[in-house]
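A.B. asks: For the protein sequence lines, the chains are A and B, in the order given. 31 is the number of the first residue of the first sequence in my numbering; add one for each residue after it. 54 is the number of the first residue of the second sequence in my numbering; add one for each residue after it.
Do not rely on the hints blindly, as some may be mistaken.
[Said to hold, decoys possible] Here are some of the chain B residues that sit facing chain A, going by a computed Cβ distance under 8 Å:
{"#": "1", "residue": "G90"}
{"#": "2", "residue": "T116"}
{"#": "3", "residue": "D196"}
{"#": "4", "residue": "K201"}
{"#": "5", "residue": "R202"}
[Stated by the list, open to error] Lysine-lysine pairs mimicking DSSO-like chemistry, simulated, CA-CA at most 30 Å apart:
{"#": "6", "chain 1": "B", "residue 1": "K158", "chain 2": "B", "residue 2": "K128"}
{"#": "7", "chain 1": "A", "residue 1": "K143", "chain 2": "A", "residue 2": "K92"}
{"#": "8", "chain 1": "B", "residue 1": "K201", "chain 2": "A", "residue 2": "K159"}
{"#": "9", "chain 1": "A", "residue 1": "K167", "chain 2": "B", "residue 2": "K158"}
{"#": "10", "chain 1": "A", "residue 1": "K197", "chain 2": "A", "residue 2": "K73"}
{"#": "11", "chain 1": "B", "residue 1": "K158", "chain 2": "A", "residue 2": "K166"}
{"#": "12", "chain 1": "A", "residue 1": "K197", "chain 2": "A", "residue 2": "K92"}
{"#": "13", "chain 1": "A", "residue 1": "K197", "chain 2": "B", "residue 2": "K128"}
{"#": "14", "chain 1": "A", "residue 1": "K166", "chain 2": "B", "residue 2": "K58"}
{"#": "15", "chain 1": "B", "residue 1": "K94", "chain 2": "A", "residue 2": "K240"}
{"#": "16", "chain 1": "B", "residue 1": "K94", "chain 2": "A", "residue 2": "K167"}
{"#": "17", "chain 1": "A", "residue 1": "K385", "chain 2": "A", "residue 2": "K240"}
{"#": "18", "chain 1": "B", "residue 1": "K58", "chain 2": "B", "residue 2": "K128"}
The set of hints was computed from the structure by calculation and includes no laboratory data. Cβ coordinates follow ideal geometry from the N, Cα and C atoms, glycine included.
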Amino acid sequence: MPKITIDGTEIEASEGRTILQALDDAGLLMNGVDIPHYCWHPKLAVDGSCRLCQVEVEGIPKLQIACDTPVQDGMVVHTANDRVKAAREGVMELLLINHPLDCPICDQAGECKLQDYAYDYGVKASRSKEPRRALKKNVDLGPTIVFDQERCILCRRCVRFCREIPKTGELAVFNRGDYSVIETFPGTPLDNDYSMNVADICPVGALTTKDFRFKIRVWFLEEVAGICTGCSNGCNIHLGVANNKVYRYVPRRNDAVNDTWICDAGRMSYREIGAPDRLRECMVRDESGRLAPTGLDRAIEVAAGRLRRLIASKGAGVIAGLASAHATNEDLFTFRRFLSALGSETSGVAVVRGKADDLLIKEEKAPNGAGAREIGFGDARTVVDRISSGGIDALITLGHDALHESLLGSEKPLADLDTVIVLDTHASELQRVAHVIVPVRHAAEKLGTFVNVARRVQRVVPAVESAWETYADGEVLAKLGAALGLEGFDGSYDARQVARDLAAANPAFVGIDLDSVGDTGRLLAGSAASGAER
Amino acid sequence: MVISKQTRSKIDAVIAKYPQARGALLPALHLVQDEYGHVSKECAVEIAEIFEIRPVEVMEVLTFYNLFFDSPQAKHHVYVCTNLPCSLRGARGLLRQLESQLGIKAPGETSDGRIFLGHEECLGACGYAPMMRVDGQYHEVLDIEKAKRILDSLGE
Chain A
31 MPKITIDGTE
41 IEASEGRTIL
51 QALDDAGLLM
61 NGVDIPHYCW
71 HPKLAVDGSC
81 RLCQVEVEGI
91 PKLQIACDTP
101 VQDGMVVHTA
111 NDRVKAAREG
121 VMELLLINHP
131 LDCPICDQAG
141 ECKLQDYAYD
151 YGVKASRSKE
161 PRRALKKNVD
171 LGPTIVFDQE
181 RCILCRRCVR
191 FCREIPKTGE
201 LAVFNRGDYS
211 VIETFPGTPL
221 DNDYSMNVAD
231 ICPVGALTTK
241 DFRFKIRVWF
251 LEEVAGICTG
261 CSNGCNIHLG
271 VANNKVYRYV
281 PRRNDAVNDT
291 WICDAGRMSY
301 REIGAPDRLR
311 ECMVRDESGR
321 LAPTGLDRAI
331 EVAAGRLRRL
341 IASKGAGVIA
351 GLASAHATNE
361 DLFTFRRFLS
371 ALGSETSGVA
381 VVRGKADDLL
391 IKEEKAPNGA
401 GAREIGFGDA
411 RTVVDRISSG
421 GIDALITLGH
431 DALHESLLGS
441 EKPLADLDTV
451 IVLDTHASEL
461 QRVAHVIVPV
471 RHAAEKLGTF
481 VNVARRVQRV
491 VPAVESAWET
501 YADGEVLAKL
511 GAALGLEGFD
521 GSYDARQVAR
531 DLAAANPAFV
541 GIDLDSVGDT
551 GRLLAGSAAS
561 GAER
Chain B
54 MVISKQTRSK
64 IDAVIAKYPQ
74 ARGALLPALH
84 LVQDEYGHVS
94 KECAVEIAEI
104 FEIRPVEVME
114 VLTFYNLFFD
124 SPQAKHHVYV
134 CTNLPCSLRG
144 ARGLLRQLES
154 QLGIKAPGET
164 SDGRIFLGHE
174 ECLGACGYAP
184 MMRVDGQYHE
194 VLDIEKAKRI
204 LDSLGE
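In isolation and in its complexed conformation, chain B is listed as follows (with noise of 0.2 Å):
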């Protein structure tokens, strides 16, 4: 067994919240990932297990969407949104400067796998354009100092 009994658990608890077992495969596949970062092949054919379906549908569901992965992905995810209100707020002369303090290009990670560096379209906070995501986090009314200094802060 790949993935852990505290995850396992947390998988059979949402499977429970749905009439069809399979109504769970997003969720789990959210549970997977935290816990490793990315869905390994291993971990598809385990979930393929639970959910008893074949490991390629899995696969299918895995794919289709950007924000999973099926192989080891950098510690850190920085998106810089470039979507219309961030770009006119300066974003991706933002997203340059990034790309030449980590020398970089995006989207690509630094070569020791510790910052994951990439643009997205709207995140829904145009109002305090320009903004990152970090790890999950946002970070708005962004210039490129106070980037910098969160980009800093990441630890190893």
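Next comes chain A alone, as it looks inside the complex (with noise of 0.2 Å):
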């Protein structure tokens, strides 16, 4: 392994990586050593375009980009000696020669590398006389980005992407020298599942989302780090918080799971957490036949009554419950042992299965299947089959992917039940069937963990707080559990407790708990690369 020495302090490179991929490896490069750099990307190929990055290198007489020059043992490299600054300075008034300058009324703003190196290497005034290139605006690339050709810097990040990882190349650059211009083929817009990634990876706001475009100055947002619930990969996100409110998901980089993109439909999830249609108030159905809303202690009375009076009738064998894989492992393992203590036999959970590639999206359309099956819940089908032959009076749900046409197909399968009782986060068909309907928290509201589809154990924390009254699952259980008298029921919910005790009692789950989960997950235990990351 070669050893290279940066600025005096000697890191360790594997053979074949170039000086700012060896520095990236050990997680060095902006974080002890600042490179400044527009055109590499650490997930895609190397460009050498910007010529931002040169650094010196002793026995070379002339500087070198970091990016393009390969390690070589007892590489002795300089990051910022005058001669560096200097090129940079000079590196840096070229890239602003043609750039309009619109940065109040740019949506990059704050977050743009183009100002922030400006700040650290711009020169006060511009030397230049020649009026700026006048190119196109607010170009229409697809159904997901804007674009404006004035403020691109050609570091052709966007157009790596497009060929190196969705593999649909869209974009390329046209014409050549000072008349370059990123383009797509006239009638071919941008338009893959991971189109939105470019705007996030162009360092300057030449690409911005139409979705997030103008909606809030990016300094006012708090990111909290957080899981993409979309499907069961578990992208690695942030959640862009201002004024309790969630105004978009990035995502965040974890090479063992997402490296540094999500798809468009999961960053799109992040509008159900303030959709119209979430579930606000507990209700009650009353003796007209009508939901009322109602409070929490009515809610869970009113389930507890109806509960006791079938298990005094015809035992706990006729209660079923649904779980959710959008639940965390701590309401189904609440959950879980809520349907044991009670005596239930039927119990499942219900997925919503859809399309699949072989780069993030995963077939299951929720975060947490994985999970579900490893606390015990089976195939939902299970759960479908005896509510219609007949062999169920009462359902305990929670969310409502079991209507989906693979499970029940509708609501009306339930019509009969005795008993139905909803914990769900958004309204659903469910509410034409529903006897008590508790209002629960969205993965952006609580504390909990998911299980991803290669078993990796990554943790969501209140991001925001909904306006109105919602518990997480486990709450209600815990509560529903203490009403009806159950063994080990108490009334309260700790979420970092329940995962301490399921740690305790599900070996899988050995040594993992809300803290030690981190920030980037952890392996089940037992699993194949489990220990060894990837």
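These two chains come separately, so use the hints to put the complex back together.
C.D. replies: Set out below in structure tokens:
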């Protein structure tokens, strides 16, 4: 393994890596060693077009670009001496010659590399007297992205992204020299399942998403580490939060899960959090057969009363539980304990399936199918079959995924049940048949863990608080268990404690708690790659 | 299919000369432009199919070089060299006179789309300056009368 010295510190690099890659591998890039760069991206091929990452390598007369200079044993690199700084200033001056400097109205302001590096390396005034390039503004590149050709510094990250990641290759550089522009083939828009990542990797304000642009200045956003709940891949994200509202999801780097990417559908799933169809109050069906709003205590009381009456007449065997793959492990473990203590014998987890690809998008359209199965919930088909054969009188369901055509198909099979208790985030047809409804928290509003498709346990933390009363599923089940006098239920719910109980009860979760999973997750015990991170 | 059978077989013949088909992209673009005077969007799509690359990649090459055109051009292309040796021998004056003769400003084309007039950098004929290139043909040791006669002799 070659050893190289960067600004006096020796680091070990892997054979065949370039200086920037070696620094990135060592976790030092922009985290101790600041080498400014535009075109280089850790997950894209080396381009070498922006020239900003020039460094001095002892023994080589000219400055070298760190992104494309392979490491050699004994190499001594200087990243911050006067010569390097002067070169960076020169490059910045050239890059700024044609840039419009419209920061006050640019949506990238605040997270713009051109702004940041101009602050670090910019010259005070432009020496250029020539007019700036007049190019196309506000170009509609496709369904998700708007392009400003004048702001573009031609780093070609977006071009390489489209060719290398979704492999759709919509973007290209047309013309030559100072006439160069990014373009699409006429009539072929930028339209793929990952298109919005180009806005993340664009170092300037040239590519912005139609969804987020002009919504809020980014410096008002607090970036909360979380997990996308769109599918079982569990892509790591930052939730952009301000005024107790989630404005966007952006991918958070985790090389073991999603590199630096997220699919467009997952990115847009933030809109579920504040959706108008969120359930906002507890509801109980009254004597007239109408759902009437009520408080949580009354809802628990009604649910417990109905279940108690059924158990007395027919036993707990007629009660079924449908888990949701949107619920956390802590919710699901509480549900599992609840159903066992109750004596219910029928349970399963409902998961909606859909289109998958070989990049990030997985078949299960919920974050925690693997966790639910690990905690002991089988296929929801068992529950559906027992309902249709008439063996079930009461159903406790988390979420409404069971309504999907692959399972119940509609709420109708539930119409004849004596009792339907629904814990859900959003409104659904279940409202037509439910006797008790309790609004529960979205993943962005609670603390807990999910297990992704590769058996990685990952954490969500409350990023926002709903403006109305909501509860974690586990909290509702704990209260219901206490109301029913079930063993081991005192009505309290603490996700941290439940996670510890789960680790003690289930060998797969050994050593995993809400602190030890950290921001990047941990594999379940017994996983093939356990212990050795990819 | 937009590209004619003859041109297509010429393209195939060129491709056979290269270890990788892609190497023949430039000659193929020349062949198509020779046939149509420019490389249309439709031709670019067809070339992309032949070379098994994306149309946008054909456009990258096509737009990189000024001597490829992606839209219909004038029938005759007249380029006057205005590099130093030609300029010393009166090329700029010659260009101005041709501009007023045709009633256009270089680079630009006549309203009937018959003649495009432009200037060009060195074409390597400095010993015979001033010179111009008309439809790929060099005309050297020019004066205005000779240049006018050449333009007049151009067909429709």
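A.B. asks: Each hint: holds or not?
C.D. replies: Against the structure, the hints come out as follows:
1. A least Cβ separation of about 19 Å between B:G90 and chain A goes past the 8 Å threshold, and the interface hint is therefore violated.
2. Taken as an interface hint, B:T116 checks out: its beta carbon lies about 4 Å from the nearest beta carbon of chain A, inside 8 Å.
3. Proximity of B:D196 to chain A is violated relative to the hint, the smallest CB-CB distance being about 35 Å (cut-off 8 Å).
4. Hint on B:K201 is violated. Least Cβ distance to chain A is approximately 33 Å, over the 8 Å limit.
5. Checking B:R202 against chain A by beta carbon gives a least distance of about 36 Å; that is not within 8 Å, so the hint is violated.
6. A threshold of 30 Å between alpha carbons decides the hint, and for B:K158 with B:K128 the separation of about 17 Å falls inside it, so the pair holds.
7. Pair hint A:K143 plus A:K92 holds up; C-alpha atoms about 25 Å apart against a cutoff of 30 Å.
8. With a C-alpha separation of about 39 Å, the suggested pair B:K201 and A:K159 falls outside the 30 Å cut-off, and the hint is violated.
9. Only pairs whose Cα atoms come within 30 Å are accepted, and A:K167 paired with B:K158 is accepted, the gap being roughly 29 Å.
10. At roughly 14 Å between alpha-carbon atoms, A:K197 and A:K73 fall within 30 Å of each other, so this suggested pair holds.
11. Between B:K158 and A:K166, the direct Cα distance comes to roughly 25 Å. Compliance with the 30 Å bound is thereby established for this hinted pair.
12. Among the hinted pairs, A:K197 with A:K92 is inconsistent with the structure: their alpha-carbon atoms are about 36 Å apart, more than 30 Å.
13. For the given pair, A:K197 sits about 40 Å from B:K128 by alpha-carbon distance, which is inconsistent with the 30 Å threshold.
14. Pair hint A:K166 plus B:K58 does not hold up; C-alpha atoms about 39 Å apart against a cutoff of 30 Å.
15. Distance hint between B:K94 and A:K240 is fulfilled; the C-alpha atoms sit about 28 Å from each other, no more than 30 Å.
16. About 23 Å separates the Cα atoms of B:K94 and A:K167, which keeps this hinted pair within 30 Å; it holds.
17. The suggested pairing of A:K385 with A:K240 holds, with an alpha-carbon distance near 24 Å, which does not exceed 30 Å.
18. A C-alpha spacing of about 23 Å is found between B:K58 and B:K128, which places the hinted pair at or below 30 Å, so the restraint holds.
Hints 1, 3, 4, 5, 8, 12, 13, 14 from the list above are not met by this structure, while the remaining hints are.
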